[in-house]
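Chain by chain, the residues:
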Amino acid sequence: MSSTTIVAQHVRRTSLAKRHPAALMGSLGVLAVVLSIYSLKVGATEVSFGNVLHALVGDRSDQAAAIVFDFQVPRVLLCWLIGTALAVSGAVMQGVIRNPLAAPDIIGVTKGAGFGGMLLLLAIPGVPVLAVVPAAFVGGLLAAGLVYLLAYRRGATPVRIALVGIAVSAAFEAGIRFLLVRKPLDVSAALIWLTGSLFGRSMSAVLEILPWVLVLVPLIVIWARKLDVLGLGDDLAAGLGEPVEKTRRLLLLFAVALAAAAVAVAGTIGFVGLIAPHMARRVFGGKHLASIPAAALFGVLLMLFADMIGRGLAPPLEIPAGLVTAVVGGPYFLYLLVKTGK
Amino acid sequence: MRLQAQGVQLAYDQKVIARDLTLTIPDGKVSVLIGPNGSGKSTALRALARLLPPAKGSVILDGKSIQDTPTKEVARLLAILPQVLVTPESISVEDLVWFGRHPHRTSLKVPSAADKEAVEWAMTVTSTAELRHQHVDQLSGGQRQRVWIALCLAQGTDLILLDEPTTYLDVAYQLEVLDLLHQLNQEQGKTVAMVLHDFNMAAEYADHVFVMKSGALVTQGTPEDVFTCDTIRDVFGVESKVVPHPVSGKPMCIPLRAGLRAQLSVATG
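Which chain is which? The protein sequence lines are A and B, in order. Residues in the first sequence are numbered consecutively from 234, following this note's numbering. Residues in the second sequence are numbered consecutively from 3, following this note's numbering.
Next up, chain A with everything else stripped away, as it sits in the complex (with noise of 0.2 Å):
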């Protein structure tokens, strides 16, 4: 009986991604763009959608119009690029370790990556933003390392993976930490680090994350069916002419670069890059080609989500996406965790 049940909405829930997925990618796309517009509006300044279309036409007269413009504009194109990066970088991970655990935050190249930038900025003060992201990825790397030699050599099972990585990411957040003791940064800056704000991010800061973006993910979807192969096993994806060492390495890589660029941009906003690789391997199943674009979509989503929840809960109090994230996040990956330990 019970086993019948569960056959049913196996094929109930495949076969309706199956039978439209277009369709349904594309509401999924209408109702991030929605979103993003009603989002203009919420927020410690009230403005009407009046100001919200006057400031999309580029009328700046309005000094409403301006506000939004300024200050909300980018945060919305932020939610779109970090939701992005940081969704693509958890799926490439979770299909490369092959380990439903993987992600960003989880085996610490999120808090690895807010070191690394947050040591550049304090080291050499004054230096500009654009260099921040090649730090912040070089620290996400020597936190990817440390986790590979510590766990992963010799078939590591996801769970040793990702305490390994709870307890990388702990030893980064303390020396994050350290560094604010040390030299404390004004509230805001150490808000970032520490739990990832879109708060006060310009234009400049799109443009910072825009490239990697730009570059990287239509690169990683190129590869998609490289991903599906090396999710066959080292063997058969060898077998198969897959150089797998190296292709791994290079996805990871990407990914490592893309979860950087966002921490480097909007300090270490955690669980998206878990949870939206698996929404979107759920509704669309598991080829790669299908489920990055909708992971994308997905932390899109979540990101404009949390960032609406942190700014319209209590205005004009901020609440950081990053801990709107956590919330919803934490009880995500415990359910993970103990579905995965079994």
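Since the hints were made in silico from the structure, they are not lab data. Keep in mind it's a predicted model, so treat the numbers as computed, not measured. Virtual Cβ for every residue (Gly too), placed ideally from N, Cα, C. One thing to keep in mind: the hints can contain errors.
What the hints assert, rightly or not - Stretch by stretch, here's where chain B covers chain A in the computed footprint (C-beta under 8 Å, at least three residues):
no. : stretch
1   : 349 to 361
2   : 455 to 461
3   : 467 to 478
Starting from the structure of chain A, add chain B where the hints point.
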């Protein structure tokens, strides 16, 4: 002969599995590598499939060192079905077979007519075409193994290597898989080389048998040459009686339990 190992030393990290192994896979035949656990038969097969680079010596495919041939090119000449197979979540039969075309495709190109044809053909000869929309994880053991073999066939290679394709299968499924491989050899002229556990299955289906022990080739030849009481005792440490199969006439090894071993030694001694 297209595929051979020449004096290869095989090792995982520091652990040497085989010291100096030389063997040639006969073209157009079904060959079986057999031996007790840890005899290095799977390791040898992995080396033949370029999955394990030899520490010394070389594996030669079509006159060239297989390690020096681009891996994608090798994948168009030789297919390998590993022992441990990972079935992607809720994947359909057809989608899984399509993976066989990976070595023939580039990232941006849409599948060609030749790709489609190869996939259809692979599903037809393995009788999996009617299962094409089913999920692989819902199939029986024998059906699932046929789908994996279809994936290898879609690669369009003449050489097919399989690492224990019948392990963990019920006997009916074992026969289903081995019958299919036999048929592919007979009708499509495929060269099949596989690792098997069961010497009676090996005797029944193999044209050529390689018997391995402790990383070395003990003997090779037709099942009639190879399966003798002495070889079975030497390699597997088992007393047995070898009799002709009542129907096929191939050698059958029947292991003897302790009481019967005593009887046998009385009768012959």
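Verification of the supplied hints:
no. : hint       : result
1   : 349 to 361 : violated (count 0)
2   : 455 to 461 : holds (count 5)
3   : 467 to 478 : holds (count 8)
This entry does not satisfy hint 1, going by the numbered hints stated previously; all others are met.
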